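Trainee: For chain A, the structure is supplied; the task is to place chain B on it using the hints.
Protein chains: 2
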Amino acid sequence: MPNDAPPALRRTQRTRLRRFAKRADYTLDTINAILDEALICHMGFVHEGQPFVIPTAFGRVDDRLYLHGSAASRALRTLSAGVDACVTVTLTDGLVLARSAFNHSFNYRCVVVLGTATPVTDPAEKELALEVFTDRLVPGRWADVRWPTRKELKATSVLTMPIEEASAKVRVGPPVDEGADLEHEAWAGVIPLATTVLEPEPDPKLAEGYPVPGYIRNWRMARPGS
Amino acid sequence: MPNDAPPALRRTQRTRLRRFAKRADYTLDTINAILDEALICHMGFVHEGQPFVIPTAFGRVDDRLYLHGSAASRALRTLSAGVDACVTVTLTDGLVLARSAFNHSFNYRCVVVLGTATPVTDPAEKELALEVFTDRLVPGRWADVRWPTRKELKATSVLTMPIEEASAKVRVGPPVDEGADLEHEAWAGVIPLATTVLEPEPDPKLAEGYPVPGYIRNWRMARPGS
Numbered sequence: 001m002p003n004d005a006p007p008a009l010r011r012t013q014r015t016r017l018r019r020f021a022k023r024a025d026y027t028l029d030t031i032n033a034i035l036d037e038a039l040i041c042h043m044g045f046v047h048e049g050q051p052f053v054i055p056t057a058f059g060r061v062d063d064r065l066y067l068h069g070s071a072a073s074r075a076l077r078t079l080s081a082g083v084d085a086c087v088t089v090t091l092t093d094g095l096v097l098a099r100s101a102f103n104h105s106f107n108y109r110c111v112v113v114l115g116t117a118t119p120v121t122d123p124a125e126k127e128l129a130l131e132v133f134t135d136r137l138v139p140g141r142w143a144d145v146r147w148p149t150r151k152e153l154k155a156t157s158v159l160t161m162p163i164e165e166a167s168a169k170v171r172v173g174p175p176v177d178e179g180a181d182l183e184h185e186a187w188a189g190v191i192p193l194a195t196t197v198l199e200p201e202p203d204p205k206l207a208e209g210y211p212v213p214g215y216i217r218n219w220r221m222a223r224p225g226s
Numbered sequence: 001m002p003n004d005a006p007p008a009l010r011r012t013q014r015t016r017l018r019r020f021a022k023r024a025d026y027t028l029d030t031i032n033a034i035l036d037e038a039l040i041c042h043m044g045f046v047h048e049g050q051p052f053v054i055p056t057a058f059g060r061v062d063d064r065l066y067l068h069g070s071a072a073s074r075a076l077r078t079l080s081a082g083v084d085a086c087v088t089v090t091l092t093d094g095l096v097l098a099r100s101a102f103n104h105s106f107n108y109r110c111v112v113v114l115g116t117a118t119p120v121t122d123p124a125e126k127e128l129a130l131e132v133f134t135d136r137l138v139p140g141r142w143a144d145v146r147w148p149t150r151k152e153l154k155a156t157s158v159l160t161m162p163i164e165e166a167s168a169k170v171r172v173g174p175p176v177d178e179g180a181d182l183e184h185e186a187w188a189g190v191i192p193l194a195t196t197v198l199e200p201e202p203d204p205k206l207a208e209g210y211p212v213p214g215y216i217r218n219w220r221m222a223r224p225g226s
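Residue numbers (the working numbering), protein chains in the order written: chain A, 1 to 226; chain B, 1 to 226.
Isolated chain A (complex conformation):
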């Protein structure tokens, strides 16, 4: 019989969810959609025994993550061969207000990727990563900008990490109160959150009346709480 299950990652000891295991999702469709929607990621690594968590720009190309490495320069300075890392992306979709304090929660979609981050040294691969960082957030932007010089590429550090050992965790839907709590007199429900785009602010150095291009004017981040 054919296997109709959607492509998914293997669950490992390290990515197996202990709490709320029913919220776990290992399918690539779910994992990739969350990664592609997020503005930034949080990268965790260890330096001299201390964990650090640093926000940074990132992008995905197929089954690889690319990370803007400057934020991790603390780690990069000492570990050129590769660094054990955890890249986490979280979209906060709503506040879940239950009748009981105990059942308050967030609606969220989160991906945790474990693995080894290695520096990208090939200039072409580096430039591709920069293009992805830019164009995945503002499609069409890359064609408009002055592309990086070889010197700038050298000054940019980019890390890459395979999306092999990863899991998504998703909570959706209304609060879950039970038993007598359902009689408790309090409004209950979800306050949905969204990330919205405000009016673009032109660089003061731009000529007065410089036209806002369509890819910015028409760009609306139609995405919940990223």
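Source of the hints: derived by calculation from the structure; they are not laboratory data. The model shown is predicted, which means the values in this text are computed figures rather than measured ones. One should not assume that every hint holds.
Below, in silico cross-link-like pairs of lysine to aspartate or glutamate (EDC-like), each with a Cα-Cα straight-line distance of 20 Å or less [unchecked claim]:
#: 1; chain 1: B; residue 1: K151; chain 2: A; residue 2: E178
#: 2; chain 1: B; residue 1: K151; chain 2: A; residue 2: E165
#: 3; chain 1: B; residue 1: K205; chain 2: A; residue 2: E183
#: 4; chain 1: B; residue 1: K154; chain 2: A; residue 2: E165
#: 5; chain 1: A; residue 1: K205; chain 2: B; residue 2: E183
#: 6; chain 1: A; residue 1: K154; chain 2: B; residue 2: D181
#: 7; chain 1: A; residue 1: K151; chain 2: B; residue 2: E127
#: 8; chain 1: A; residue 1: K151; chain 2: A; residue 2: E125
#: 9; chain 1: A; residue 1: K205; chain 2: B; residue 2: D181
#: 10; chain 1: A; residue 1: K154; chain 2: A; residue 2: E131
#: 11; chain 1: A; residue 1: K205; chain 2: B; residue 2: E178
#: 12; chain 1: B; residue 1: K22; chain 2: B; residue 2: E178
#: 13; chain 1: B; residue 1: K154; chain 2: A; residue 2: D181
#: 14; chain 1: B; residue 1: K154; chain 2: B; residue 2: D122
#: 15; chain 1: B; residue 1: K154; chain 2: B; residue 2: E131
#: 16; chain 1: B; residue 1: K205; chain 2: A; residue 2: E178
#: 17; chain 1: A; residue 1: K22; chain 2: A; residue 2: E131
#: 18; chain 1: B; residue 1: K205; chain 2: A; residue 2: D181
#: 19; chain 1: A; residue 1: K154; chain 2: B; residue 2: E183
#: 20; chain 1: A; residue 1: K205; chain 2: B; residue 2: E131
#: 21; chain 1: B; residue 1: K154; chain 2: B; residue 2: E127
#: 22; chain 1: A; residue 1: K151; chain 2: B; residue 2: D135
#: 23; chain 1: B; residue 1: K205; chain 2: A; residue 2: E125
Sample of chain A residues at the chain B side, in silico, Cβ under 7 Å [what the hints assert, rightly or not]:
#: 24; residue: L17
#: 25; residue: S73
#: 26; residue: P148
#: 27; residue: V190
Idealized CB from N, CA, C, for every residue including glycine.
Mentor: Structure of chain B alone, referenced to chain A:
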């Protein structure tokens, strides 16, 4: 002479910013304002040599962070005495579109707190933490809900961490292009982002027409991109 500098944390080797040091801020006003505005934090810890970064609810009381511990249960199961941790909070305020690809950036406000997270065992302190988790996001909510039982408090794990070794990093303002790039033909500026609140969705189990209380109806998260 009196010292009129605002209260600030001591810069340590570990919190000293290497890159863009001018963006660093160690004053408590800045650090606390960012912490108080964020919806969630990302907590980093090491388990069996692997760094993990987990999003979780949190709150601040004076110079202490309280963290919803269930997300860290992987660490808590093995380390009851305390865990080296890094708590990071990031607000993404805008996309910074420069003329040069190299100078693209985010406007953001970020706080990194380093230290040891220890479990809160005192029920009263635990309950205070839960109140802070709830009321700092939706002021007025706590008075309305069914408060936790002793059993629920026992089932909730809360970590606490002093805000002693911490730094903020902030980028604001327009893109910074230089020299010939200023002549490059491309729109440049900032696309501001904001987290907004959509229409509350009542729990389907709520009676038809159940009134939405004022603290929810009038609550608007007047905060940029948290």
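Trainee: Against the structure shown, which of the earlier numbered hints fail to hold, in ascending order?
Mentor: 2, 4, 7, 17, 19, 20, 22, 23 and 24
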